[in-house]
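K.L.:
One letter stands for each residue in the lines below.
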Amino acid sequence: MAPSEDSLPVLKILLIGPSGAGKSALLLRYCEDQFDPESTTATIGIDFKTKKLAVRGKAYKLNIFDTAGQERFRTLSTSYYRGAHGVILVYDISSKKSFASMEKWFDEARLNANPDAVLYLVGSKLDKVAVGGRAVSFEQGKAFAEAQGAEFCEISSKTRENVKRPFVEVVDKIVQKPQLIAGATPGSKSIDFDMGGFPSNPCSC
Amino acid sequence: MESLNAETWDTVICGTGLSQSLLALALSRSKKRILHLDANDFYGEHEAALSLQEADSWAHAHTGGDVLHHDEPASGKNTNENVASDKNKLLTPPVLSGKESTLFRNAHVWKHPNAEAQGLSFPRAYSLALAPQIIHTKSKLLSQLVSSKAYRQVEFLAVGSFYVYGTTDAAHGTTLARIPSSREDVFSAQSIPARSKRALMKFLKFVIDYDSDEQKPIWQEKADNPLSEFLVEHFKLDEHLRDSILAMTLTLDGKVTVKDGLATIHRHLTSIGLFGPGFCAVYPKWGGISEIAQVGCRAGAVGGSTYMLDTPVSIDEVGHGGDIWLKLSNDISIRTTSLISSQQTYSTTSPTISRLVAIINSPLQSLFEILAEGAPTPAVAVVAFPSGSLPNNSQPRLDVPVYAFVHSSETGECPSGQSVVYLTMQTTPQSSHVLDIALATLLQAVAADGDVLYKLYYEQANSSRHSLVTSQGSATVFEFPSPSLGLAFDDESLDTVKEAWKIVMKDDALDNAFMQFEDREGMGDDDDDYD
Ligand SMILES: Nc1nc2c(ncn2[C@@H]2O[C@H](COP(=O)(O)OP(=O)(O)O)[C@@H](O)[C@H]2O)c(=O)[nH]1
Ligand SMILES: [Mg+2]
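Residue numbers (the numbering used here), protein chains in the order written: chain A, 1 to 205; chain B, 1 to 531.
Extracted from the complex, chain B is given alone in its bound form (with noise of 0.2 Å):
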């Protein structure tokens, strides 16, 4: 059997987070000698799906609220746009193990006293995503998923309705309201009085050809200012409407420029109807994203990658005949002409944002309706609660936004008639209560009698959002961004995914061949087998 430190690699992947395991996937028909390790015994690294117990000991491992292992003072360190100018050493060795991450902090988990009484199931019925983003279907990733030939192996279940809590109108006080995104759905929303459904109808037409020549004069001088200003001044929006175009645009600060929230709103409406009726992103079964970083790796196996878990690894040297060297945890040196890796050193320019994954009790049925004659069965809600729309009595006005995603047992992650409540916000010093209450408010408009069985808190930031590339001779070694803050699949990620790709492949590496497979899956038979 070949032994890990027999040849120099061409590649080894540290990590196996969405970005490194798409690499992979990249790489999987390119005949390279790949070594893919992770830190974690699991896959996915930050974008995980975990079982109780794997989520029990993730949170205790991020605990800390002081964010720093390392020897250094935080400042300065974490903007890490260092480029190594000493031969023979990285001035900032890039931290290689997702496990000293600096990403995540104050993470705590509770548990409802009378939690198996109350139906928590058995730990691994669980499958928590610490990354739980819904994928346009627009978004390049599915097309990338398609020519790779890895979408056969997984499993996508439709984004269903958006709703927005708020007072739509005296009578029916504060509520979910479906948020209307084509003109079924404004010209038979029977909350929305004809003033403001013509114009909501008049921006809708407006963001479908927003950046043509015709519509482009008419915010392009506003492009970074606030939208939720251009919706009112322009567009005579009144308040619910505003908050539920904001609410589609996913922003976490509230704040989102003309300019990136109509792009995004675009690529929503743009989204519906791609892949079927009735919905415009989905979300792979099994915990989202960690399920392509599985499938991804798979791919980089069948392909020949060699993969090791639970394997911490560190840089012993670097230079040495335009080699890396490499010490696993187990003490074996390995040597490796390309280094792979994430960053894992928060930016002291990230937002921080705080997330409650909360097991619910009850299905929520209602808010997985079925949206068109022949649309599937919706496995995720998404609920925007707009700023300042959440009761709070004593705290100073709230003014971002929380968002929750409802996934139903269809996605596998959890038991039949319980339900998994991701709930998203740019970190205040009261979120965790402030998400406690958009949580219980939930519950309360759904009129659920649903108890929360288990929480799980903690806070996340991000690090530089550029990749890092430090050569030396013919070594090099290559940082992706952490993953994004985003509750939506962005897909500036996979330019950086075809960057470090072409740094593998060297002269190999043919622009239009990036991802694009044939079925691996052979026919192995002409004489079938009857008994």
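Bound-form chain A, shown alone (with noise of 0.2 Å):
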């Protein structure tokens, strides 16, 4: 049997990228199985979802965080950057405009998060090559992310394929960088709220 859940290792994992690249989508999917093609506003409200996931054997629970809007004027804070592990950077396949913003998200993660924090790329939106929407080549994705240092590959939110790959190869390249999974338990350092000071507070057992 898997371990209890809270003695799984947390890993945080942000996704970033323009407006519209199909962040919150991907979200959605991978952790609900769900997809809504009209609403763009049904991620209010959304701060993280929780996934678990197992890799090589070893079982640890996402926190997969989304923009919250914060990325339409370019206005994500530093904290969101606290603390994570691994950064999907998300872009459009039918939007070229899309793909020519990643190099700007990229220097945004890297200037920004934990130097060791492995960044992932992913092309959204696959299942628009069926209707001759493709505008950003395999290819181009492929090579600028290597340019980039980072893993990459190609989902549909809208048909699942590929959406559990990038979490995959994310978790599974976080778990082989030890300096990087020695922050997934809360550093010794830090205060613990829930253990003391407000009895109101609800226990989270």
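Honestly, the hints are just simulated from the structure, not real lab data.
Since we're looking at a predicted model, the values are computed, not measured.
C-beta: ideal position from N, C-alpha, C; glycine also.
Where hints are given, some of them may not hold.
Counterexamples of contact, computed for chain B against chain A with all Cβ distances above 10 Å [stated by the list, open to error]:
#	residue
1	L269
2	T441
3	D449
Stretch-level coverage of chain A by chain B, calculated; a stretch enters the list once three of its residues show a Cβ under 8 Å from a Cβ in chain B [unchecked claim]:
#	stretch
4	44-54
5	77-85
Join the two chains into one complex using the hints; note that each chain is given alone, in its own frame.
P.N.:
Spelled out as structure tokens, the structure:
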């Protein structure tokens, strides 16, 4: 049996990229197996989603954070990046503009995230290829990712194609970095607010 | 995609200082249409944490000694308690941009000529807090962060020892002595003579329930007298112990009253142990208050608010059908039914403080000892230099204290092996010089062979201490007071957040719903993937 939930190492994974790239759709498809072609406002109220995942025979708890719309005017805060083990950068393969912005997003991720954090590039909306909607080739995406030292894949949240792959591969990379995974249990120097002080605080058991 | 000027915003919040950001948090489950702006391209406004590059340009923007950039003369305007009478115009339109603030002045940066060779890292390796306040564990700020669930995104570190600089006894000369704050401390303190120990114990016992009917008569008549006199006259504390107790109040003018001083010491002592042994206050990792501000803004964004930085805004017109028209820097006009900002103009009655932020290429390890069994390693140490304790040859005797907050690299504000020292004092003509002396004295006292790599000096004043509310028809303009100059977070500013919250919420404001939220976190699955 898998170890109990609370003892699992927690990995913080961020989704970033331009508005409309399909970040929230990927999060909802991966975590809840839902896809809503209409709504972009559906993401209001989503801070992060939690999902369990095992790689190399070991289970992890992923906390996957969405940008909460703060990418729209590029106002993601430095605190968003704190403690992230992995950053998934998403662009829309049917939009040249969204692909062209990825360089800036890689720069921002490098500037703000832990230098050891794993970066991963995702081209989304792969289903649009079938209706002639591809604007960025697989090779372009792949070459760019390689230049950035990142892994790459293309996905469709609509058809589910490849949606698990970025998460599995990011975690696989993370767990190979002991210095990164060491931070997966809360630091002994920070104070645990759940332990005391506020008796009214419901216990999280 | 919805556009900014499509409909009327319920509120536009200007500035991402702590008050505005806590308001954003408080409103984050309200379904109100909220636009939150900042003129700077970073979060936190006057409480920001800056990289070296940001600090350099911030200093550049605040070098002026002449503090007003407005047409009107300084006098009269700054009290700013005007109430608009004109139907269409505010008498004194609020300065909405922290960039035009007159709260800071005389900023300058000094860099070691061989800073990089001495270990100064890249600019982003630093995060210098403009307002490094400690937060007592008893503070309502922490309970609100807990009840709103925002605390999960902030990492809190322990504030450790409070030290006082001075002569304890002839044998040791001038040193840093830990301020005894518990029975155990007092008993184990070797430098305190037995008679003084008894006096100190008596005082500590008194403070714990100083506000009770039994103890009140002891101090009530002297409530507005200086605490320092009261300590000597009533408790017969010697000079060293008096200085130690005063240091606990973090009083900047050294003249804290009996009433205020006892309240502060009470808060200090009753905060010890609340979240764990050995510490009375916490400090948010990565730059203090600024981190809480960012988490508040993120909560606002998660709740659907729109965020824009680097976007100055000005008031176009007020009153048109109960709306306020604003113009953004990109010439977009927007309208809102309420406008929340913070006062950017200093009050003529405000004290001015001088701050020196210094990066040291030594960890100053000895200041961060663990204080009790099972206690976390502190990341912040407080050092007080009582009035008159610093060596100064030529000048007139310095009659205000200097405080140093020493931050270890655990705060994330500097690379490991280094530390950041934040010095504060009430401004005097020599304060820039005095703070340098205090810094040198500190480094000598901890026998650190560290060099100063980078220094940022500035002076800070505050606005009127009241919020300003101007109403016209159904439109309301609300201005928070500027951040307090105190070294510990003051719960009073939370009341103004609630005040603003009520204005935006109107009839939907249920008192007991303020900052009371459930976790947003959703376990998204029953079918875990294993491969
Ligand atoms: N066809 C298709 N549309 C998608 C896909 N993923 C997202 N979308 C649509 O693209 C739009 C933007 O997606 P969203 O997840 O909100 O983007 P975000 O701004 O990056 O969070 C929405 O209308 C989605 O329905 C996909 O895989 N295929
Ligand atoms: Mg989204």
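K.L.:
So, for every hint listed, does it hold in this structure?
P.N.:
Status of each hint after checking the structure:
no.	hint	verdict
1	L269	holds (16 Å)
2	T441	holds (28 Å)
3	D449	holds (25 Å)
4	44-54	holds (count 11)
5	77-85	holds (count 6)
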